[in-house]
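Could you put together the complete structure from these sequences and hints?
Protein chains: 2
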Amino acid sequence: MSIRLVDIQGKLAEAGLKATQQRLVIYKALHDSRQHLSAEQLYRIILPDHPTISLGTVYKTLDTFVEKGLIRRVPCEDGTLRFDARMDMHHHIFCEDTGEIMDWDDAELNALLAEYLKKKQLPGLEVVGVQLQITARRQASKPDTEA
Amino acid sequence: MSIRLVDIQGKLAEAGLKATQQRLVIYKALHDSRQHLSAEQLYRIILPDHPTISLGTVYKTLDTFVEKGLIRRVPCEDGTLRFDARMDMHHHIFCEDTGEIMDWDDAELNALLAEYLKKKQLPGLEVVGVQLQITARRQASKPDTEA
DNA sequence: CTGTATGCAAACCTTTTGCAGTCGG
DNA sequence: CCGACTGCAAAAGGTTTGCATACAG
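If you read the protein sequences in the order shown, they are chains A and B.
Just so we're aligned, residue 1 is where the first sequence starts under this note's numbering, counting upward by one.
Just so we're aligned, residue 1 is where the second sequence starts under this note's numbering, counting upward by one.
Hints should not be assumed to be uniformly reliable.
Below, simulated DSS-like cross-link-like pairs (lysine-lysine); rule was C-alpha separation at most 27 Å, straight line [claimed, not checked]: (1) A:Lys120 with B:Lys118; (2) A:Lys118 with B:Lys119; (3) A:Lys28 with A:Lys68; (4) A:Lys118 with B:Lys118; (5) B:Lys120 with A:Lys118; (6) A:Lys18 with A:Lys60; (7) B:Lys119 with A:Lys119; (8) A:Lys119 with B:Lys60.
Simulated from the structure, these hints should not be mistaken for laboratory data.
Right under this line is the structure:
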């Protein structure tokens with residue numbers, strides 16, 4: 001669940017980045033949260049344990065991480081920009097009621113999409129990533145609640 | 001290609017919205033652009049022909065349209081929020097190089113996804129929308145350019 | 001040691017808000 | 001006519017920038 005510092009150091013070294021305290025903390029916080037957090041949210045999580053870290057550093061660090069391929073940006077329907085430490089193929093469910101983004105993992109779906117993309121060619125484009133974006137609403141237990 | 005005013009008026013009436021000049025213009029501009037524009041971009045497109053329209057109105061109107069289901073928000077990997085007048089199932093290719101969002105239409109893919117979702121149940125959630133988000137880069141004509 | 005990365009605070013840009021006046025139904 | 005909608009301008013919110021200082025390699 002919780003990533004080891006050694007592993008983060010490895011990732012940073014691979015990317016040619018200095019392993020500063022802040023970078024270790026930011027990566028670990030995002031990874032271990034297993035969520036899709038904004039810079040601001042991440043800052044608030046980190047602050048109690050690291051009161052001297054600055055919000056600007058969080059922004060810069062996240063940008064650096066994205067640039068180096070350590071994390072990815074998750075576009076979110078409510079307009080906020082969030083980040084995800086998972087780099088493997090997976091999908092997102094956006095809940096309209098709560099604004100939450102949940103991961104959706106399904107090997108069958110991944111295989112389906114991989115096969116589809118192998119067949120289809122995008123004109124002049126090389127696919128770098130694919131994800132299904134599912135928008136959902138909390139299911140009304142009583143179907144007659146509103147409609 | 002270009003939508004008729006009568007049709008927009010119909011949509012607005014259905015949604016219970018007054019057919020103001022501004023709403024007609026904004027909807028038409030977004031629809032006819034066949035692109036995924038931000039409020040700001042839309043404002044700039046409209047301004048020459050309607051110099052008195054205000055940016056605030058564009059924001060409010062777009063929000064109202066989304067609320068009423070006339071258009072949808074398109075989350076974009078660069079953090080900007082854009083809007084799309086197409087409400088039928090279709091997919092988006094985000095080009096990392098240009099920041100452009102292109103539509104991707106494929107009946108086969110739509111069928112594939114519809115079938116998949118019919119089979120799978122999301123726990124306690126009702127699916128309102130699905131779209132494949134493809135991230136791509138311009139294909140290097142010479143494969144040895146970088147890698 | 002040296003240059004990269006951080007902290008701080010100001011600047012910037014986008015979006016929201018409140019209110020008086022306007023206009024569509 | 002009346003209430004919904006607009007324009008304006010100010011405020012809020014989130015993100016970026018610049019520079020002096022600190023720290024990893």
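Here's how the hints hold up against the structure:
1. A:Lys120 with B:Lys118: holds, 23 Å
2. A:Lys118 with B:Lys119: holds, 23 Å
3. A:Lys28 with A:Lys68: Holds: Lys28 (chain A) and Lys68 (chain A) sit about 16 Å apart, inside 27 Å.
4. A:Lys118 with B:Lys118: Judged against 27 Å, a Cα distance of about 24 Å means the pair holds.
5. B:Lys120 with A:Lys118: Holds. Lys120 (chain B) to Lys118 (chain A) sits at ~23 Å (cutoff 27 Å).
6. A:Lys18 with A:Lys60: This hinted pair holds, its Cα atoms lying about 14 Å apart.
7. B:Lys119 with A:Lys119: Given pair Lys119 (chain B), Lys119 (chain A) holds - Cα atoms ~23 Å apart, limit 27 Å.
8. A:Lys119 with B:Lys60: violated, 42 Å
Against the hints set out earlier in the document, a violation occurs for number 8 only.
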